[in-house]
Amino acid sequence: MKKIALLVFFISIHLAGFAQSKEFIYNRQHKYAHKKTDDEGKEEKNAKHWYLRAGLGYAFRQAGQTLNENSDPYTGTQTFDTTHSLFSYSSLKKVSFSAGLQAVLAGGYMFSKNVGVEVDGYLGMASSNYTSHFNNVLVNGSFPADITVTNKALSPVFIAPCAVFQIPGNVISGYARAGIAIPVNGKVIREENYHFYPPGYGSSINNITLDYNITTSFSLGYTAAMGIKYSKNKHFSYWTEASMLSLSLNIKQITNTKNVADGQTGTTLPTVSYGFNGTNVDRNNQVGTQPSYAEPFSNIAINAGMAINF
Amino acid sequence: MFTLVILFVSMAAHAQKWYGKVGFGFAIPQAAQTLDVTGSIYSGNATYNPANDSIASFSIKKASFSSGFKGVIGAGYHVNNHFALELYADLGISTTNYNAEQDNVKSPNGAYLANDKITQKSQFPIMLIPAMVFKTDKPKLNMYGRLGLVLPLKNQVKVDLTSNIISATFDNEEIAGTLKTRFNIGFTGAGGVSYLVAKGVNMWAEVSFMSLSLFAKEMKITSHTSTQSQPISTLLPGTVISYGFSGQAGATQQPTFSLPYSNMGINIGISFEIK
Chain A
1 MKKIALLVFF
11 ISIHLAGFAQ
21 SKEFIYNRQH
31 KYAHKKTDDE
41 GKEEKNAKHW
51 YLRAGLGYAF
61 RQAGQTLNEN
71 SDPYTGTQTF
81 DTTHSLFSYS
91 SLKKVSFSAG
101 LQAVLAGGYM
111 FSKNVGVEVD
121 GYLGMASSNY
131 TSHFNNVLVN
141 GSFPADITVT
151 NKALSPVFIA
161 PCAVFQIPGN
171 VISGYARAGI
181 AIPVNGKVIR
191 EENYHFYPPG
201 YGSSINNITL
211 DYNITTSFSL
221 GYTAAMGIKY
231 SKNKHFSYWT
241 EASMLSLSLN
251 IKQITNTKNV
261 ADGQTGTTLP
271 TVSYGFNGTN
281 VDRNNQVGTQ
291 PSYAEPFSNI
301 AINAGMAINF
Chain B
311 MFTLVILFVS
321 MAAHAQKWYG
331 KVGFGFAIPQ
341 AAQTLDVTGS
351 IYSGNATYNP
361 ANDSIASFSI
371 KKASFSSGFK
381 GVIGAGYHVN
391 NHFALELYAD
401 LGISTTNYNA
411 EQDNVKSPNG
421 AYLANDKITQ
431 KSQFPIMLIP
441 AMVFKTDKPK
451 LNMYGRLGLV
461 LPLKNQVKVD
471 LTSNIISATF
481 DNEEIAGTLK
491 TRFNIGFTGA
501 GGVSYLVAKG
511 VNMWAEVSFM
521 SLSLFAKEMK
531 ITSHTSTQSQ
541 PISTLLPGTV
551 ISYGFSGQAG
561 ATQQPTFSLP
571 YSNMGINIGI
581 SFEIK
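Top to bottom, those sequences are chains A and B.
Counted from 1, the first sequence has number 228 at position 228 by my numbering; the numbering is strictly sequential.
So the mapping is simple: my numbering equals the position in the second sequence, first residue as 1, plus 310.
Since the hints were made in silico from the structure, they are not lab data.
Where hints are given, some of them may not hold.
[Said to hold, decoys possible] Here's a subset of chain B near chain A, in silico, CB distances under 8 Å, partners left out: (1) N362; (2) A508; (3) G557; (4) M574.
[As the list claims (entries may be wrong)] Facing chain A, according to a computed beta carbon distance under 7 Å, are these residues of chain B, among others: (5) G349; (6) S350; (7) S367; (8) S369; (9) H392; (10) P440; (11) F444; (12) G501; (13) Y505; (14) S568.
Bear in mind the structure is a predicted one, so any value in this text is a computation, not a measurement.
No residue lacks a Cβ here, since even glycine has one placed at the ideal position from N, Cα and C.
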């Protein structure tokens with residue numbers, strides 16, 4: 001299905017090019033019903049151009065998730081009762097790891113004044129932090145602790161080849177863009193802080209900090225945008241747009257990078273792999289290939305910047 | 311967004327006309343999910359090893375409750391040669407059944423083992439989509455792009471659980487429920503081509519995608535049959551489990567989770583001018 005979709009996408013672009021060349025031949029043969037003037041011909045020739053654009057934006061979480069791969073909240077508070085048979089929860093929110101401040105860099109080519117292609121790069125500059133608090137948890141069934149867990153994407157990068165549609169105007173033009181989102185970096189970092197009361201966990205430990213790197217499997221997403229462009233002169237313009245990204249990335253591996261108990265660095269925990277198939281899997285002790293889980297990366301964003309036409 | 315519409319509407323308007331469109335398509339899961347709120351699989355199978363609480367083997371797939379065969383019907387208005395406004399409904403005519411088979415599942419209190427089969431299927435989801443369309447203006451063959459909001463009008467998932475108790479007292483329990491979701495706005499985009507086949511009639515083909523997840527609101531148990539006079543499960547007909555963003559978790563209240571509805575589809579159809 002994805003291959004068919006890609007095929008349709010590229011055929012569409014090819015057809016656009018074909019339509020342009022066919023129209024060109026048509027014009028040359030003077031068969032076009034409303035024959036173009038020389039000025040219109042020049043205008044069409046001028047419409048073909050390369051361009052670069054750059055800008056900044058802010059992405060909001062969209063179509064996200066509230067619970068992580070362990071069915072624990074990504075954000076909010078979970079407090080267990082004294083018997084640990086019940087818990088209360090509050091302030092759950094949906095999360096998306098591509099939310100936050102982002103930079104946009106793109107280059108494109110307009111085949112005509114209406115149709116073009118573009119390759120966009122989205123770089124997460126300050127991704128949102130998601131923090132959850134788990135109170136009165138019995139670690140290993142014995143040691144009461146409060147746990148704080150923070151998840152954050154580590155500079156997510158996406159590349160998006162797109163088709164561009166434009167409604168040209170003398171000063172203000174409208175445009176829309178749709179394409180495929182290719183994740184280049186979809187890594188998430190997780191920090192877990194355990195505070196034991198009374199000190200425990202075997203040897204009167206007060207605090208443990210565990211850091212993890214969560215890597216994700218490659219998966220295609222989709223992106224689209226719509227905006228307006230204000231032309232300051234022939235070569236320079238400002239643009240602003242609303243964009244959206246639909247993407248989730250399956251967890252591939254969780255690697256423990258830091259294990260510190262009361263300031264003493266300990267041996268890191270074994271790396272845990274995730275997949276779509278597995279055998280002899282111990283989910284409690286995280287042994288074997290765990291069933292994969294999709295981390296949410298969808299967003300809707302507002303972006304603005306400038307463009308240079310060549 | 312509103313400003314954009316006003317700007318485009320105010321541009322030179324010399325192709326103002328109404329049109330209708332109908333079509334159908336097939337959608338596959340995209341930006342989807344593999345595990346549900348309990349950490350159980352949406353689709354695939356898993357065999358547990360009760361001796362050491364491990365999974366002997368598993369095989370899972372992604373799920374999205376809007377995937378499957380769908381219909382599209384709507385109308386639009388050409389503001390000018392390059393821009394149109396559209397309102398259409400995306401109808402889930404035959405959505406995908408998601409089957410999860412889990413064997414040797416230990417009950418929460420560890421008292422018995424069961425082979426469970428869970429089937430989840432969205433029941434004729436309807437999405438209303440207001441959208442903007444950008445298009446080329448050639449005599450025959452045109453390209454277009456479409457962007458819009460997804461407003462879920464009707465969404466509920468039917469959940470069927472068949473549980474064969476295979477230890478202690480043999481029992482076969484079948485529990486059915488309906489899971490309702492909260493309203494949440496999504497986004498959709500499409501790119502495609504249209505071809506003029508007769509005066510005022512175009513054929514179109516497109517690739518579309520939808521980004522949407524819906525939060526669980528409540529699950530109502532609709533039926534419960536058992537081969538025993540005293541069923542093991544306490545999920546009796548009429549029981550309602552509510553899902554929220556805050557609360558006290560228990561038998562009838564749980565933290566909400568989002569159900570995956572994002573998809574990628576291929577659609578074809580016709581559009582026609584309305585005089």
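Now the hints, each set against the structure:
Taking 8 Å as the C-beta cut-off, the interface hint given for N362 (chain B) holds, the closest approach to chain A being about 7 Å. Hint status for A508 (chain B) relative to chain A: violated, with the closest Cβ pair at about 18 Å, above 8 Å. With a cut of 8 Å, the hint placing G557 (chain B) at the interface with chain A holds, because the nearest CB-to-CB distance is about 6 Å. Interface restraint check: M574 (chain B) against chain A, minimum CB-CB distance 6 Å, threshold 8 Å, status holds.
For the restraint placing G349 (chain B) at the interface with chain A, the shortest Cβ-Cβ distance is roughly 5 Å, inside the 7 Å limit, so the hint holds. For S350 (chain B), the interface hint is violated, the least distance from its beta-carbon to any beta-carbon of chain A being 9 Å, above 7 Å. Given the 7 Å rule on beta carbons, the hint for S367 (chain B) holds: about 4 Å separates it from the nearest Cβ of chain A. For S369 (chain B), the shortest C-beta to C-beta distance to chain A is roughly 5 Å, which falls under 7 Å, so the interface hint holds.
Taking 7 Å as the C-beta cut-off, the interface hint given for H392 (chain B) holds, the closest approach to chain A being about 5 Å. Given the 7 Å rule on beta carbons, the hint for P440 (chain B) is violated: about 13 Å separates it from the nearest Cβ of chain A. Annotation: F444 (chain B) was flagged as interfacial toward chain A, and the flag holds, the nearest CB pair being 4 Å apart, inside 7 Å. At about 4 Å, the closest approach between the beta carbon of G501 (chain B) and any beta carbon in chain A falls short of 7 Å, and the interface hint on this residue holds.
With a least beta-carbon distance of about 9 Å to chain A, the hint placing Y505 (chain B) at the interface is violated under the 7 Å criterion. This hint holds: S568 (chain B) has a C-beta 5 Å from the nearest C-beta of chain A, less than the 7 Å allowed.
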